[in-house]
Structure formats: structure tokens, C-alpha cells
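Peer 1: Residue-level listing of the chains:
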Amino acid sequence: MIPRPKPERFRLRRTMMFMNAQKPGLIKDAYIYGVDSIMLDLEDAVAENQKDSARFSLYHALKTIDYGDTEVIVRINGLDTPHWQEDIRVCVAGGADGIRIAKCESAQDVKTVEEHVLAAEREFGVEEGRTLLMAALESPKGILNAYEICAASDRMFGVAISGGDFRKCMQTKFQPDGVDMLAARGQMLIAARAAGIQCFDTVFTDLDDMAGFETEVRQNKAMGFDGKSLINPKQIRLVHEIFAPTEKEVRQAEAMVSAFREASAAGIGVFTVNGKMVDIAFIPGAERTLKLAKACGMYEGDLV
Amino acid sequence: MVINHSATAGTLESSDALITVEPGEGGIALDVTSSVMNQYGRQIKATVLETLGRLDVTDAKVTVVDKGALDCTLKARVECAVFRSCDKSASDIPWGGVIQ
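First to last, the protein sequences are chains A and B.
Taking my numbering, the leading residue of the first sequence gets 1, the next gets one more, and so forth.
Taking my numbering, the leading residue of the second sequence gets 1, the next gets one more, and so forth.
Chain A on its own, in the form it takes in the complex:
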């Protein structure tokens, strides 16, 4: 029995890799890839007549396999299916770090899942509030209601867009420049930031087009995403590289945070570092850069 540490609502989530919870060959050693989070899937990857079997497999994987620092999230079936309630029970009983709500369209969807999660925490003697939630927006309605969804619960750590279903609803298809989902990505990012939670982009499905993948990940980073959903281990390294800060950014952030701490102790509010004005407004961003740098092995100091 592997006791998992209490999940952190805000942690580094550059990469979130989907795996079919029904396939023992995949999930038994998923932690070796160095992905930030794994997403064990009870939804689309699992055939309709294997939903029961996938839950048994998931339960024992959660209880037996030591995933270490890799976060373990489970994607449950949609609220319009007969499966989601038992999915929630097994996630909570097994001690998953979080649950991804598929096809989320309203704050009420989040609240419905939250009620069942709380009931399951009580049923299985799990600490109340332990199980985190994230929502996948897969429809125009989900995008339009993004803010109320993001702000619906204290358990919510993030929101993601699901490209396949969304493009279908919008009667468009994948475009290399991302114009097909530009508005949706933008609206979701604004909602997530307004609610103070993280935001993740959709999967890139053409595993042979690594150049196209790189273009999309660079755009994700430029738009302000926290991370990306992945379908294959070979996509991990590139995302980690692109999301890593540059050496110069790390040095500047380090100088800013350390100068800020000295200045505030001396009662100074605004000052300059390497010729740039710095005040308190710059510090959360600089601290985030240092945390990211630490995770990427680029910073070993003790400022964060």
C-alpha cells in the first residue's frame, strides 16, 4: 500500500500525459518518463464494455504503484453517462491526487462532482478536501462559461481545452497557426487567470509532425499556458525545454527577488536592478520563474 502525499493545488504542471487506465503495460511504470502529471483515463480510451474492468485496474494501480513525485490525475466519464459516480468513488478510495471532469459546461457540473467527491471522502475516510478537481472544456458552451467553471470550487486547480471535440462543434479543423482555436484558448486563459487557477492546452495528435508540435508549444508558452496535455512520452522533453526559463531570465529573477527582500527590509519600495525598475508588482513573476528554474534544474538557491 503506497501512501501518497497530500496533493498540492498549485504545483508545476508543464506536462500532463494521458494513459489508458485499462492497460497494465502502460500504467505500471508511467512514473519513469519524468512527466509532471499523468492522466489515467477512464473515459474515451476505455471501451464502453470495459469501464468496470478499468476501475479495478485503476484502484490497484493507485494502491500498489509508487508514482513518486509524479502527480496522478484521473479523467472520469462525462456527467451524461452512467459511469461517473462509480468513477468518483474509485478515484477517492484509491487516493488519486485529482479528478478531471470531462465535457464540463457549467459551474453546476463542477459542484455536482464536488458533492460526490465529498461524499466519497466521507465514505472512505479520506481527508475532506484532499481530492483536487480540474475541468476540461470541450464545447462552445464550456468556453462561454469558462470563468464560472474556473471559480466554482476551492478544489479547482486548473482548466484545459479539449481540441478534438471543440473543433468538431465549431465546424473547423486543426490549423498549423492555431487560428481555429485562438479565441477559445484566449477566453479560457483569461478566465483561468481571473479565477487564479492554471490553464492547459489540448493534445497534439500527429506524433510524426514534431515541427508542428514545436510551433504549437511555442505558441502555448507565448499565450501564457501553464502546460500541455500529451499523448506520448516522446512529446515530453520538448515541452519541458520550451517551458523552461532562459539563463538570463533566471539570473534577473534571482537578482530581483534578492534585491527586493533587502530593499523591503530597509523600507525601500521601488529600486533598480541591472538598470530596470523593480517594485512589488514584479516579484510574484520573478518567484514563479525561480520555481520553474528549480524544477528544471537551473536554480539551486534558497530564495524559493
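Careful: at least some of the hints might be erroneous.
Said to hold, decoys possible - From the structure, some residues in chain A lie toward chain B, with a derived Cβ separation under 7 Å:
#  : residue
1  : Lys28
2  : Asp52
3  : Ser53
4  : Phe56
5  : Ser57
6  : Tyr59
7  : His60
8  : Glu86
9  : Val90
10 : Ala93
Everything labelled a hint here was simulated from the structure, so no lab data went into it.
No residue lacks a Cβ here, since even glycine has one placed at the ideal position from N, Cα and C.
Based on these hints, arrange chain B on the given structure of chain A.
Peer 2: Same frame as chain A, now just chain B:
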């Protein structure tokens, strides 16, 4: 639990096992074939019997075709096959009770 009708769970993929349970003829009759029989045959039988014991299955014919499954996978497949044989696999599973 009483095996009402025959049921299977699992696959023949690597790291998995295909388990079939059928109503017994008095007692447990266990048949195991495995790609790692020489190394792990006894361990596989012990895990399957222990799982059946936890589920209080005392009368069943159980066939295991193992493709190198870990213990946790064997347990999951045996439990699922038994719950399916009673048509109880879809909901209200006693996670952390007899399933552990």
C-alpha cells in the same frame, strides 16, 4: 460470492492476464498457463487463490492465461471477473473492503 454464470476479464496483451471464472463443481479448480510459468507459476496461483479467498469464492472453475501480469493486475482481473459473474461489476464496489 457465488459465481452465477461464466465471466471473463483482462486481455492477452503483454503485462496482462485473461481470467475466466465459471460455476464450480464443489471447491476451487484453478488452471494457470503463463509465459513466465517456471519463474512465477507458484506466485501467480497464490495471488489468485488469495484474491478468491478475500471475495469468499469457494466454488468455482478459474482459468488464468497470464502474459506477465504484476500481482496488482492479477488481483484486478480476478476481482472484475468474479463481480461480472454476479452482475455486480458496474457500481457500489466495496473499494478498500474486500477489494484491497
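Peer 1: Quick check: which numbered hints come out false for this structure?
Peer 2: none
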